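Read top to bottom, the protein sequences are chains A and B.
Just so we're aligned, residue 69 is where the first sequence starts under our numbering, counting upward by one.
Just so we're aligned, residue 1388 is where the second sequence starts under our numbering, counting upward by one.
Everything labelled a hint here was simulated from the structure, so no lab data went into it.
Treat the hints loosely; a few may be bogus.
What the hints assert, rightly or not - Restraint-style ranges between C-beta atoms, simulated for each label pair:
id, chain 1, residue 1, chain 2, residue 2, range
1, A, 128, B, 1763, 41 to 49 Å
2, A, 129, B, 1964, 17 to 25 Å
3, B, 1607, A, 82, 30 to 38 Å
4, A, 85, B, 1907, 30 to 38 Å
5, B, 1796, A, 135, 49 to 57 Å
6, A, 110, B, 1620, 23 to 31 Å
7, B, 1796, A, 101, 39 to 47 Å
8, B, 1946, A, 101, 40 to 48 Å
What the hints assert, rightly or not - Far from chain A by the CB rule (all over 10 Å, computed), these chain B residues:
id, residue
9, 1710
10, 1842
11, 1846
12, 1850
Bear in mind that the values here come from a model prediction, so they are computed numbers and not experimental data.
Each residue gets a CB set at the ideal place from its N, CA and C atoms; glycine is no exception.
Chain by chain, the residues:
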Amino acid sequence: MTIDLILYASLPKFVPGSVAGIPITVQAPDQTTVGVVLSQAGIPDDMRLILLVNGLSATRDQELRENDRLAVFPTIAGG
Amino acid sequence: MEKMLRINMGADGGPKASSIPVGEYSGLAGRALTSALVSKEVPPLCHPLGAENKLVISPGMLSGSLAANSGRLSVGCKSPLTGGIKESNAGGMASQTLARLGYAAIVIEGKPSGDDLYTIFINKDGVNINVDNSLKGLGNYALVEKLKQQYSEKACYISIGPVGEMKLASASIACTDMECRPTRHAGRGGTGAVMGSKNVKAIILDDTGMGMRKPKDPDKFKEANKRWVDGLKKHPVTGEGLAAYGTNVLTNILNEAGGYPTHNFMWGRFENHTKISGETQAALETERGGNPTHGCHRGCVMRCSGIYMDKYGQYLTKQPEYETVWAHGGNCGIDDLDTIAMLDRLDDDYGIDTIEMGATIGVAMEAGLAKFGDGAAAINFVNQVGKGTDMGRILGSGAAVTGKVFGVERVPVVKGQSMPAYDPRAVHGIGVTYATSPMGADHTAGYAVGSNILGIGGKTDPLSPEGQIELSRNLQIATAAVDSTGMCLFIAFAVLDQPETFQALIDMINAFYGFNLTADDVAELGKSVLRNERAFNAAAGFTSAHDRLPGFFTRDALPPHNVKFKVTDAELDQVFNF
Ligand code: SF4
């Protein structure tokens, strides 16, 4: 299946050539979890992240589906 | 800070200042003091621009000390925008300077009978109040330039622009930053109009010859401050995130979460969000020789601010904050950072709240006065407000008035104050705060976005009403306390996640004052502030019917999640059940 992975803030530094906010197309076997996609992209497993799949809060063990949009942020805040 | 400066602008024979002991307000500072004084001394039914209203300017409990991030200022009054009580909070150098001068507050009362415009100069030797009509109509930038020649570059300036002089309800009060630029504003609620109604154009604070405020127990204080700074530095937000991208790092995440109000709260996502995001803004600032990492006052270790240069590499404005970038950006369909930065500069110069102005332009665009996305029209609107044309005076009166004048139903306000950059349908917790805060729609009053969207201070589902009442209640109580310490609210991100950092803050206050406060006492302080504010509003005519969001939030679904605001009225009425 195809997943759109979108990295924000400081995260593009882990994926050479990626740019904040620009989707990276990732091919993955069916039922791949968020965590597996992140590990394969080179994002440290122990990093505290904010994960959104199609705009909804997600966890690392959530299974992804075809054409899901996985947006990943480090811990950020403002206001 | 055992004295208070009372200035009666309407005294016989001209304005009169008296320095008096704080008396019954002893131990209070910041929002605790402004709200206690306003609720006790201002008649709730008075006209906000009348002689009976008082403008109270108070540094926080730890302001003027070595405590990191303790330089936030509280400005209180009856609000011309909401008709209720107001505490508007500002950064810049004013809080530290005023605290070092030894004042727990400046209280500006009464009203002069003529048209003369005044400046108030305060230093270690006392107070000088002067007529200076040459300042009439000056923008904050030109005003500070002029006053700097007369006084000192090292002084700190609290001032209003022409919009405050016109007494429009969106007028802000500017405070100068470390570079002596008028970039830090008590923005919300029209405090600038109250200062204008008292004919005060500027307050000049010069703390030359005054040292840092000294703690009762210097060793304990020093040790607690070290734990405090370590705690702020080790949290990913307060230690790194805010410094790298500023608050505008939120654009992308609110957009992803479908809670970024776009085209006057029509949609929850803005197509061109990456063009105006914090990441893009920080890169542009660096590229142009500006700076994405800058503190609004000395002693800030989080440094969420920055310096924004124009395309020729010349200083244009401080780094526009997330709320400003949203208000003038996505909310108006504008995707150009230079246009947004220019609007920020104009707002600061004319002395206008950027949130109210942006929300108002969104309403004006909805009314068809300009097309969404038309940056030149937005700049023209703000210039009209600054110049005081008839149209400008309508727009400068805020989103609610503008909506009425032009027949717009979708006006995102509570108690007459416009909502900031989070749609309550997709961020339910902040909707509860908007609805119930005594301040009107105010995100800082109980920042539920942290738990709803950012996973800070627990985790709640932003699309569900579940747990939101309790979340907003606890945050509103904590915020009222933090706003009384002089601490920048962003410390909350570390404090909510790290109990030991919260303890360091309490230890610092205790060491400074010789108190024995516990966490429960701090919560009780927050509750007492809210009780004062609610009592004032009730006496001013506010009922539970005012603790509601406009009807379209419960009626119209917000894309992309197609959600409505689902917290019931009965639940909203439970927020202040303490
Ligand atoms: S974090 Fe930002 S708003 Fe807070 S004190 Fe520092 S610069 Fe000012």
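Tested hints:
no., hint, verdict
1, A:128 with B:1763: 41 to 49 Å, "46 Å, holds"
2, A:129 with B:1964: 17 to 25 Å, "38 Å, violated"
3, B:1607 with A:82: 30 to 38 Å, "43 Å, violated"
4, A:85 with B:1907: 30 to 38 Å, "53 Å, violated"
5, B:1796 with A:135: 49 to 57 Å, "37 Å, violated"
6, A:110 with B:1620: 23 to 31 Å, "27 Å, holds"
7, B:1796 with A:101: 39 to 47 Å, "45 Å, holds"
8, B:1946 with A:101: 40 to 48 Å, "28 Å, violated"
9, 1710, "8 Å, violated"
10, 1842, "6 Å, violated"
11, 1846, "8 Å, violated"
12, 1850, "8 Å, violated"
Checked against the numbered hints above, the structure breaks hints 2, 3, 4, 5, 8, 9, 10, 11 and 12 and satisfies the rest.
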